[in-house]
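Protein sequence lines correspond, in order, to chains A and B.
If you count the first sequence from 1, position 76 lands on 76 in the working numbering, and the numbers rise without skipping.
If you count the second sequence from 1, position 14 lands on 14 in the working numbering, and the numbers rise without skipping.
Worth flagging that the hints you see were computed from the coordinates, not collected in a lab.
Values in this document were obtained by computation on a predicted structure and should not be read as measured data.
Incorrect hints may appear among the rest.
Said to hold, decoys possible - Not everything, but these chain A residues come out facing chain B in the computed CB check (under 10 angstroms):
{"#": "1", "residue": "28"}
{"#": "2", "residue": "31"}
{"#": "3", "residue": "82"}
{"#": "4", "residue": "169"}
{"#": "5", "residue": "172"}
{"#": "6", "residue": "181"}
{"#": "7", "residue": "184"}
{"#": "8", "residue": "186"}
{"#": "9", "residue": "268"}
Said to hold, decoys possible - Computed cross-link-like contacts, EDC-like style, restricted to lysine to aspartate or glutamate with a CA-CA straight-line distance of at most 20 angstroms:
{"#": "10", "chain 1": "B", "residue 1": "85", "chain 2": "B", "residue 2": "74"}
{"#": "11", "chain 1": "A", "residue 1": "173", "chain 2": "B", "residue 2": "31"}
{"#": "12", "chain 1": "B", "residue 1": "200", "chain 2": "B", "residue 2": "7"}
{"#": "13", "chain 1": "A", "residue 1": "173", "chain 2": "B", "residue 2": "30"}
{"#": "14", "chain 1": "B", "residue 1": "134", "chain 2": "B", "residue 2": "106"}
{"#": "15", "chain 1": "A", "residue 1": "173", "chain 2": "A", "residue 2": "162"}
{"#": "16", "chain 1": "B", "residue 1": "215", "chain 2": "B", "residue 2": "194"}
{"#": "17", "chain 1": "B", "residue 1": "151", "chain 2": "B", "residue 2": "163"}
{"#": "18", "chain 1": "A", "residue 1": "173", "chain 2": "B", "residue 2": "152"}
{"#": "19", "chain 1": "B", "residue 1": "101", "chain 2": "B", "residue 2": "30"}
{"#": "20", "chain 1": "A", "residue 1": "270", "chain 2": "A", "residue 2": "60"}
{"#": "21", "chain 1": "B", "residue 1": "134", "chain 2": "A", "residue 2": "162"}
Just so you know, even glycine gets a beta-carbon here, dropped at the ideal spot from N, CA and C.
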Amino acid sequence: MEGQPKPRSSRSKLFYIPGAESFTRMDPWWGLVVLVVGLAVTLVTVKADPFLRILLFVRDGVAVTAFITVAAFMFTLVLGMIGGLGRLSQNWVIHGIATLYVEIVRGIPLLVQLIWWYFAFPVVIQGIGRWLNFTAMANYQSNAIFTAVTGLTICYGAYMSEIYRAGIQSIPKGQGEAARSLGMTHFQSMRHVVLPQAVRVVLPPVGNEFIALLKDSCLVSVVAVADLTRRGREFMAVHFNPIEVWTMVALLYLVMTLFLARLVSWVEKKTHFER
Amino acid sequence: MDVHKGEVVVIIGPSGSGKSTLLRCINRLEEYDAGRIVVDGIPLDSAQNISAVRREIGIVFQSFNLFAHLTAMENLTLAQRVVRKRSRGESEKIALELLTKVGIPDKARAYPIQLSGGQQQRVAIARALAMNPKIMLFDEPTSALDPEMIKEVLDVMLALASEGMTMVVVSHEMGFARAAAKRIILIDEGQIIEEDTPEKLFASRHERTRQFLSKVLHM
Chain A
1 MEGQPKPRSS RSKLFYIPGA ESFTRMDPWW GLVVLVVGLA VTLVTVKADP
51 FLRILLFVRD GVAVTAFITV AAFMFTLVLG MIGGLGRLSQ NWVIHGIATL
101 YVEIVRGIPL LVQLIWWYFA FPVVIQGIGR WLNFTAMANY QSNAIFTAVT
151 GLTICYGAYM SEIYRAGIQS IPKGQGEAAR SLGMTHFQSM RHVVLPQAVR
201 VVLPPVGNEF IALLKDSCLV SVVAVADLTR RGREFMAVHF NPIEVWTMVA
251 LLYLVMTLFL ARLVSWVEKK THFER
Chain B
1 MDVHKGEVVV IIGPSGSGKS TLLRCINRLE EYDAGRIVVD GIPLDSAQNI
51 SAVRREIGIV FQSFNLFAHL TAMENLTLAQ RVVRKRSRGE SEKIALELLT
101 KVGIPDKARA YPIQLSGGQQ QRVAIARALA MNPKIMLFDE PTSALDPEMI
151 KEVLDVMLAL ASEGMTMVVV SHEMGFARAA AKRIILIDEG QIIEEDTPEK
201 LFASRHERTR QFLSKVLHM
């Protein structure tokens, strides 16, 4: 590949690497967004009762959903990195723990895990607290939002660990060998050479997980969290109009995931580079 | 096998004979089961901190192994800053000097994907030299290059040899061996078959040596 592509400002140099595409202004995504948002706006204005009332009622649920998703995702990114490195560890204890974690968590449905964290886990803690005579633990009550974020993080962390592991393994061995031959420790070669490249490789599946997490966040409605789905259920329980309520809720989820997918796509394009 | 300071030793042999493995044992990229390797007085198997030993050994790979996400300049300065703890300014100065020495100062801000094979290998040589190693190892440095780019890399290696760098080179380039090597070692199936100066080796009466040379020397 000849010719020097012109770099943009030095601030974007962090992401500019030849091969990074610029995103086009007009593409099918915009069409879909216009369609969905247009539909939602039409419904709310043309048939304000019930659609506008639904929207106003569930909007704090939107905030809760967004908060839980973002919080869980941030922690999952960290947990995934730790789990992925653990799965690759030469130390058999660390490797064993990481493998156990991934296999167990991937073997139990997310809904069951969330229910367990909310109902069963506090009983375990209280039991241990009573046994150790530790009153703070014995009086432990579960906090819905905390439980939800924890449950989502632990579940998605397992899948994220495997994604990170695959990403790290996809980096040619020669990169690490060159780094270590220059005198870098294993940790230094990971931090400066392997992980920066692995992170770019895993962005598409990680972005995927982010979108999946947004949709799976609706499961927390079962464990007393007032997210979008639960607010929709509450409205429906009072007014008995499932079609309108669930159409509106579905549209809201769709708008959120579309924007999220776009964000992921933008980050991917900005950091992609050819090797 | 001994290599003294300032010597250029070229290792030749058929594929699968263990030449690359031997080279990679010297900086412990490969582990060995028997025998001893001592680098600059430090025995490798009992070395506490292999990273400290590796700092003094430069290696150039057949597949270059440049850090794909960094520019040529950054490839050279990364290890200097992280391992030798030099300042950014100092490491960039050294990097630029070395890039000039290997003939491509204008490519400092280019990424490896933008460079030709010969240029990448020269950057790789500069990257190894940036750490001021005591010995340079070359693992078939020109084997992955198009023919027209081999000379530019060999020229850099010849210049390095004439400056007195201690070099161990695994290569099929007999021209280079004849010009620069103090000794050539022929290895086959993990054993040293013959070890001698280029003139004596190319005129050798030894059966396996003559067999191998007849296959490799096209002229």
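Subject >> Hints breached by this structure >> reply: 1, 2, 3, 4, 9, 14, 18, 19, 20 and 21
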